[in-house]
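Going down the list, the protein sequences come from chains A and B.
Mapping the first sequence onto the working numbering, position 409 (from 1) lands on 409, and the numbers just tick up by one.
Mapping the second sequence onto the working numbering, position 35 (from 1) lands on 35, and the numbers just tick up by one.
Check before you lean on any hint, since a few could be wrong.
[Said to hold, decoys possible] Stretches of chain B that chain A covers, calculated by requiring three or more beta carbons in the stretch to come under 8 Å of a beta carbon on chain A:
1) 62-74
2) 129-141
[Said to hold, decoys possible] With a straight-line Cα cutoff of 30 Å, these simulated DSS-like cross-link-like pairs (lysine-lysine) come out:
3) A:K216 with B:K143
4) B:K367 with B:K383
5) B:K323 with B:K268
6) A:K427 with B:K3
7) A:K180 with B:K323
8) B:K143 with B:K3
These are computed hints drawn from the structure, not numbers from a lab.
The model shown is predicted, which means the values in this text are computed figures rather than measured ones.
A virtual CB, placed ideally from N, CA and C, is assigned to each residue, including glycine.
Read off the chains here:
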Amino acid sequence: MIFPSVAFLMFFLPFVLVVYYIFLRSIRKRNFFLLSASLFFYAWGEPVFVWLMVVSICWNYLIGRGIGHYQRMGADRKERICLCLGILGNLACLILFKYTGFVTENINGIFGFALTIPEISLPIGISFFTFQALSYLVDVYRRDVPAQRSLIDLGLYISFFPQLVAGPIVRYQAVAAQIKCRQENWTDFSIGFTRFLCGLGKKVLIANEMAVIADKAFNMPSAELTVGFAWLGAIAYSLQIFFDFAGYSDMAIGLGKMFGFSFAENFRYPYMASSMSDFWRRWHISLSSWFRDYVYIPLGGNRVSPLRSYFNLWVVWLCTGIWHGADWSFLLWGMWHFAFLMIEKIFHVESKIPIVLYRFWLLLVVLIGWVFFRAVSVTNSAAYLQTMFGLTGAGIWNDIATLYLREYWFYIGIGLVFSIDVVSWGKKKLDASLIWQRGQIILQPISYSILLLLVLSFLAKAQYNPFIYFNF
Amino acid sequence: MEKSSYRITTIICLMILFLIAIGSNYLLWSGVTWQEVLSFAWMGNENLYNDALFGKRQLVSLNGGWHHLLHTAVIRDADVNQIVVRTQDGSITSMVWQYDMAEPAENIANFAQWLEMQGVDFYYIQAPYKVIPGYTQMPVGIKDYSNENADALLALLSERSVDYIDLRAEIQKENKDRKGLFYRTDHHWQTKTAFWAYSRVGQVLAEQLSWEIPEQVLSLEDGYNITSYPHSFLGSQGKRVGRLYSGVDQYDYIAPVFATDFTVSITKADGTVREQAGTFTQALVYEPLLLGNDDVETNKYACYFGGDYPEVQIKNNLAVNDKKILVIKDSFALPFTAFLANSCEETRMIDLRYFTGAMEDYISAYKPDVVLMLYNPSSFGSKQMFQLLSEK
C-alpha cells in the first residue's frame, strides 16, 4: 500500500484516525493499535515479509535488552558481543535480500563461475527499517538511550507506517520520549495534515508527471533520442526524484505529526545548495546524518590525518551508493558525488568561483549524477550522457521532444518553481500585508481543498503510481 | 491567525476526505464479504478498493476539466491502448499501433478461397477509423497507424484477389463531410455514417450480385426516420477522460418508416438466448440503452441489438428476396447490420471475440449467399478476430 492510493486515503487512514482518536485513550492502547495498523500496512501485498518485520522487531528487542543487561552488569565484552550480534543479524538480513543476487552475478563475471543467481524478492523498505534498528542498538550501546523494555513500543518505532517504507530514517533517541508520552493536539494535527496534503501534491501532481517524461527518455533507443529530449529527460528525472522523495517525506512527517510525533526534516531545498557539502546537508538528511554518526565518526571522521579522513569519506560514499541499490550504476553515482566532494575539500573551488556560476555547475554535476542513478546500467548511462552532450551525432530536437514539452510544460514549470524556497520567500513578502493575513483564512482552505480534489482526480484516473524509493 | 487557517483547512479537507471515504466504504462493503476484502488486501490487489471509490466519475470528470484548462492534447490512461488524444477539430480518439498484417491477410484470403469453393460470395469491408486521411491532424509527435495498417491489409488482399470494399476510399470519392462521420466522444462511427456504409454495401450487392433491393430500403431520405437525442451520449473515449474534457455527443437513432417485421435471436456468451420480435425497433433495438435513462454514460451506440454477442440471427419476415447474409463483425457492424437486415431474408452476425464454434461448420449449416467481414482498424490488434478457419 502506498500513501497516494485509494486504499490508503479512503480506507486505511480514515479507519486508523477514527479508531485512534475516538475509541482509544491510553497511550499503551494507542501504541498497540498503531503497531497493529503498521504491521497490517506492511503486510498489504507482502504477507510473507511481515513475518520478517516481526522477527526483526523481536531480534532487535532481545539484543537491546541484552546490551542493557550487560551494561548494568558492567560486562563490557559481552555487551560488545551483543552489539556485534545485533549489527551482524540486521546486516545479514539486508545483505541476503538485497545483495545476494548482485554479488553472485559479479562472482560469476569475475571468476568465470556458473553459480545460480538466486531470485530473491526484496522486502519493501528493508533498508530503512534495518538502519532504524541499527541506530537503536548503537544508541543503546552508547548509553544515549536506555534499552526499550516494551516490545510493543520498540515494534512501533521500527515499523511505524508513516516512515516504514521510504523514511525518513528516524533516530530512536529522537522519538523514544514521544512513544512513551506524547500530547496530540489539534494544532499539530492540522499542521501535520496540511503537510501531508502538500506531500501528496508533490508526489501526484509533479513527481508522477515528471516520471512520464523521464521514463520515455531513458527507455528510448539511443538512435531515436535527441540531444534536447535527453536533457529534458534528465531534468525531468531530477525533478521527479526530488518531488517523489521529498513529497513522501512530507507525507511521512505530516502523518507522524497527526499522531503526535515530530520527525526531523529530510529535505531542505537541495537544489538551492551552494556547494556539494551543502547539497548533502539538504538532501535525504536522515540518511547522510545516519552515515555521519554511525560510519564516518566511528571511523575517525575528520579528526585523523587528511588521507585517513578522505578514506573515511570514501567508505561513507561507497556505502551510500550501495545502500541505494544493488547495481554498479548506484556505486558509480556514489563515487561521482564523492569525487566532487573531494574536489571541494581539497581545492575549495566553491569559494573561488562566482557563486551563481558555481551553483549552476553544481546543478549540472548533480544532474549528471542522476543520469547514473536512473539509467538501467552503467553502459546505458554512458550512452545517455553522450547523447546529452551531442557526442553521438544525434539530432538536436524532434517531434517527440516537442510533444512532451508541450504536454508537460505546466508541471515542469511548477516543479522548477517549487524546487526553490518560493513559499518562504512569498510568506515573508506577504506576511506584512494585513489583507493577506485576513485573506489567508479563506485562501488557504480553498487552495488545499482544490489540491486535495485535484490529487484525488489524478488518483481516480491513474490508479497506478509506484514510489521510486519503494525498493530501498 | 495562521493556526486558525490550518485548523479550518483541516476541517474542510477532512470533511471532503471522510465524505468520499464513507461513500467508498459503503460501496466496498455492499455485496462483498470481509473475507474477500481481506484476501484482496493480502494479495495487495487494490482493484476492489479502486472500483469502490465514491464519486469516481465526477473525479475523472474533474481531471478532464483540469486537462481541458491546460489544453492537454494527450491524456494518459492506465490502459496504454486507451490513451486519448485530441485532434485538431476538438474530437478525441485513441491511437492504433503498427501491426504486421501478413497473417490476418493470409487468414482472410484462405477463408475467401474456402468460401469460393462452397459457392459463397465474400467481401471484406474496411470500415474507416476516426483518424481520417487528409483530414485528421494528430498532435505533433503522435503517430497513428490505423490507415497504414488498413492499406497494408488491403494491398495483401488485392494480391490474393480477395474482393473488398474500402469505405475510406468511398468517403474520399464522395467527398463526404469528414467532421460529422464519427462521434466526438466515442470511437464508433455515427449512426448516419453506418447507414451510409450500409447503403454503399447494399449498392454493391444489388449491382455486382444482382440482388433485388428496393430503393427505399437503401435511401435514408426516403425510407428512414431520424430521432435525435441532443447532449445524450458520452462515448467510450469520453468516459475515460470525463465530459468536462470531451463534451457530450448528440445521438441519432435511425429506423425505417416502411413496414417491418423481424424475429431476432441473440445468443449471449453465457449460452442464454434473448429473443425479440416485431417491428424494426421492437425486434432489433435493446430499448433500455436507448430510452432507459437520461444517464449520458449509457452506451446508446449499442442500442442496436444491445451490444456484441457471439451470434445474432435476424429473420426479416417481410423480405423482398430470399437472400441470406453472414456478417463477421466488430462493434462497427451493430447499426450497419440492423439496416442491412432490411435488404434480405436472413442476416446473421458472428463476433469472433466471443464465438467459440467452427466457422466452416457454421457456414455449411447456414449456407449464406454472401459473407461480409466488417472490421475497423482498431480491431487489427486482435489475433482471435482473424482466426476464421479451424484448419489452415
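Verification of the hints:
1. Against chain A, the stretch 62-74 of chain B contributes 7 residues with a C-beta closer than 8 Å to a partner C-beta. That satisfies the three-residue criterion, and the hint holds.
2. Remark: the stretch 129-141 of chain B is confirmed as covered by chain A, as 3 of its residues place a Cβ nearer than 8 Å to a Cβ of that chain, reaching the required three.
3. Distance restraint check for K216 of chain A and K143 of chain B: the Cα-Cα separation of roughly 15 Å lies within the 30 Å cut-off, and the hinted pair is therefore satisfied.
4. A distance of roughly 26 Å separates the Cα atoms of K367 of chain B and K383 of chain B; the hinted pair therefore holds under the 30 Å criterion.
5. For the hint linking K323 of chain B to K268 of chain B, the alpha-carbon distance of about 25 Å falls within 30 Å, and the restraint holds.
6. Using a Cα cut-off of 30 Å, the hinted pair K427 of chain A and K3 of chain B holds, with the two alpha carbons roughly 15 Å apart.
7. Restraint check: the Cα-Cα separation between K180 of chain A and K323 of chain B comes to about 87 Å, which exceeds 30 Å; the hinted pair is violated.
8. The hinted pair formed by K143 of chain B and K3 of chain B fails the criterion: a straight-line CA distance of about 52 Å is larger than 30 Å.
Hint compliance for this structure: hints 7, 8 are broken, all remaining hints hold.
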